[in-house]
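Visitor: Please work from the sequences and hints to get the whole structure.
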Amino acid sequence: MKQKMQYIQTLKQTLKLNQKLLKSLDFLTDNIDDINKVVQQVLETNPFLELKSPKNYDTQQLLTFNSNSR
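In this note's numbering, the protein residues as written are 1 to 70.
Keep in mind the hints are simulated off the structure, nothing from the lab. Cβ atoms here follow ideal geometry from the backbone N, Cα and C, with glycine treated the same way. Treat the hints with care, as some may be off.
When the alpha-carbon atoms are kept at most 20 Å apart in a straight line, the in silico SDA-like pairs for lysine to any residue are as follows [to be verified]:
#: 1; residue 1: Lys37; residue 2: Gln19
#: 2; residue 1: Lys37; residue 2: Lys52
#: 3; residue 1: Lys37; residue 2: Asp26
#: 4; residue 1: Lys52; residue 2: Ile32
#: 5; residue 1: Lys37; residue 2: Ser24
#: 6; residue 1: Lys16; residue 2: Phe27
#: 7; residue 1: Lys37; residue 2: Lys16
#: 8; residue 1: Lys52; residue 2: Ile35
#: 9; residue 1: Lys52; residue 2: Gln40
#: 10; residue 1: Lys23; residue 2: Val39
#: 11; residue 1: Lys16; residue 2: Leu28
#: 12; residue 1: Lys23; residue 2: Asn36
#: 13; residue 1: Lys52; residue 2: Gln41
#: 14; residue 1: Lys23; residue 2: Lys37
#: 15; residue 1: Lys52; residue 2: Val38
#: 16; residue 1: Lys37; residue 2: Pro47
#: 17; residue 1: Lys52; residue 2: Asn36
#: 18; residue 1: Lys16; residue 2: Asp26
#: 19; residue 1: Lys52; residue 2: Val42
#: 20; residue 1: Lys23; residue 2: Ile8
#: 21; residue 1: Lys37; residue 2: Phe27
#: 22; residue 1: Lys23; residue 2: Val42
#: 23; residue 1: Lys16; residue 2: Asp33
#: 24; residue 1: Lys37; residue 2: Leu51
#: 25; residue 1: Lys37; residue 2: Phe48
#: 26; residue 1: Lys20; residue 2: Asp30
#: 27; residue 1: Lys52; residue 2: Asp33
#: 28; residue 1: Lys23; residue 2: Gln6
#: 29; residue 1: Lys23; residue 2: Val38
#: 30; residue 1: Lys37; residue 2: Leu49
FRET-style restraints, in silico, Cβ to Cβ [said to hold, decoys possible]:
#: 31; residue 1: Glu50; residue 2: Met5; range: 43 to 51 Å
#: 32; residue 1: Gln6; residue 2: Glu44; range: 50 to 58 Å
#: 33; residue 1: Gln41; residue 2: Ile8; range: 45 to 53 Å
Guide: Structure representation (structure tokens):
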């Protein structure tokens, strides 16, 4: 008689937020216009990123980043 064995693995990962990490997440509290300005500045200064406009203009403008280094 063959037994079927099922192996279930659970991965638990905890992340402790230190002050540096909290500060790096602080920009998420900014409004969408400020975030868009920062992203636009990064796009203009980093040659490996490009902006592709969304095809659905009913929603708010979304930014998609593609790496040119491939």
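Visitor: It remains to establish, for every hint, whether it holds in the given structure.
Guide: Comparing the hints with the structure gives:
Straight-line distance between C-alpha atoms of Lys37 and Gln19 comes to about 25 Å, which puts the hinted pair past the 20 Å bound. Proposed proximity of Lys37 and Lys52 is supported: the alpha carbons are some 16 Å apart, at most 20 Å. The suggested pairing of Lys37 with Asp26 holds, with an alpha-carbon distance near 16 Å, which does not exceed 20 Å. Distance restraint check for Lys52 and Ile32: the Cα-Cα separation of roughly 18 Å lies within the 20 Å cut-off, and the hinted pair is therefore satisfied.
A distance of roughly 17 Å separates the Cα atoms of Lys37 and Ser24; the hinted pair therefore holds under the 20 Å criterion. Restraint check: the Cα-Cα separation between Lys16 and Phe27 comes to about 19 Å, which is no more than 20 Å; the hinted pair holds. About 30 Å separates the Cα atoms of Lys37 and Lys16, which puts this hinted pair outside 20 Å; it is violated. At roughly 17 Å between alpha-carbon atoms, Lys52 and Ile35 fall within 20 Å of each other, so this suggested pair holds.
Distance hint between Lys52 and Gln40 is fulfilled; the C-alpha atoms sit about 12 Å from each other, no more than 20 Å. Of the supplied pair hints, the one linking Lys23 and Val39 holds, its CA atoms being roughly 18 Å apart against a limit of 20 Å. Using a Cα cut-off of 20 Å, the hinted pair Lys16 and Leu28 holds, with the two alpha carbons roughly 18 Å apart. This hinted pair checks out: Lys23 and Asn36 have alpha carbons roughly 19 Å apart, not beyond 20 Å.
Distance check on the hinted pair: Lys52 and Gln41 sit about 15 Å apart at the alpha-carbon level, within 20 Å; holds. With a CA separation close to 19 Å, the supplied pair Lys23 and Lys37 stays within the 20 Å bound. This hinted pair checks out: Lys52 and Val38 have alpha carbons roughly 16 Å apart, not beyond 20 Å. As the CA atoms of Lys37 and Pro47 are separated by approximately 17 Å, the hinted pair is consistent with the 20 Å bound.
With a C-alpha separation of about 14 Å, the suggested pairing of Lys52 with Asn36 holds against the 20 Å cut-off. Proximity of Lys16 to Asp26 is assessed by CA-CA distance (about 16 Å); at most 20 Å being required, the pair is judged to hold. For a cut-off of 20 Å, the pair hint linking Lys52 to Val42 stands: about 14 Å separates their Cα positions. At most 20 Å may separate the alpha-carbon atoms for a hinted pair to count; Lys23 and Ile8 exceed this at roughly 37 Å.
Straight-line distance between C-alpha atoms of Lys37 and Phe27 comes to about 12 Å, which keeps the hinted pair within the 20 Å bound. In summary, the hint linking Lys23 to Val42 is supported, as the alpha carbons are separated by about 19 Å, within the 20 Å threshold. For the hint pairing Lys16 with Asp33, the CA-to-CA distance comes to about 30 Å; that exceeds 20 Å, so the pair is violated. With a C-alpha separation of about 13 Å, the suggested pair Lys37 and Leu51 falls inside the 20 Å cut-off, and the hint holds.
As the CA atoms of Lys37 and Phe48 are separated by approximately 18 Å, the hinted pair is consistent with the 20 Å bound. For the hint pairing Lys20 with Asp30, the CA-to-CA distance comes to about 18 Å; that is within 20 Å, so the pair holds. Annotation: proposed proximity of Lys52 to Asp33 holds, straight-line Cα distance about 18 Å (limit 20 Å). About 43 Å separates the Cα atoms of Lys23 and Gln6, which puts this hinted pair outside 20 Å; it is violated.
Taken as a hint, the Lys23 and Val38 pair is honoured in the structure, with Cα atoms around 16 Å apart against an allowance of 20 Å. Proposed proximity of Lys37 and Leu49 is supported: the alpha carbons are some 15 Å apart, at most 20 Å. At roughly 49 Å, the beta-carbon separation of Glu50 and Met5 lies within the given 43 to 51 Å, and the hint holds. Between Gln6 and Glu44, the C-beta spacing of about 53 Å keeps the proposed range 50 to 58 Å intact.
The supplied range of 45 to 53 Å is met by Gln41 and Ile8, whose beta-carbon atoms lie about 46 Å from each other.
In summary, the structure is inconsistent with hints 1, 7, 20, 23, 28 from the numbered list given earlier, while agreeing with the others.
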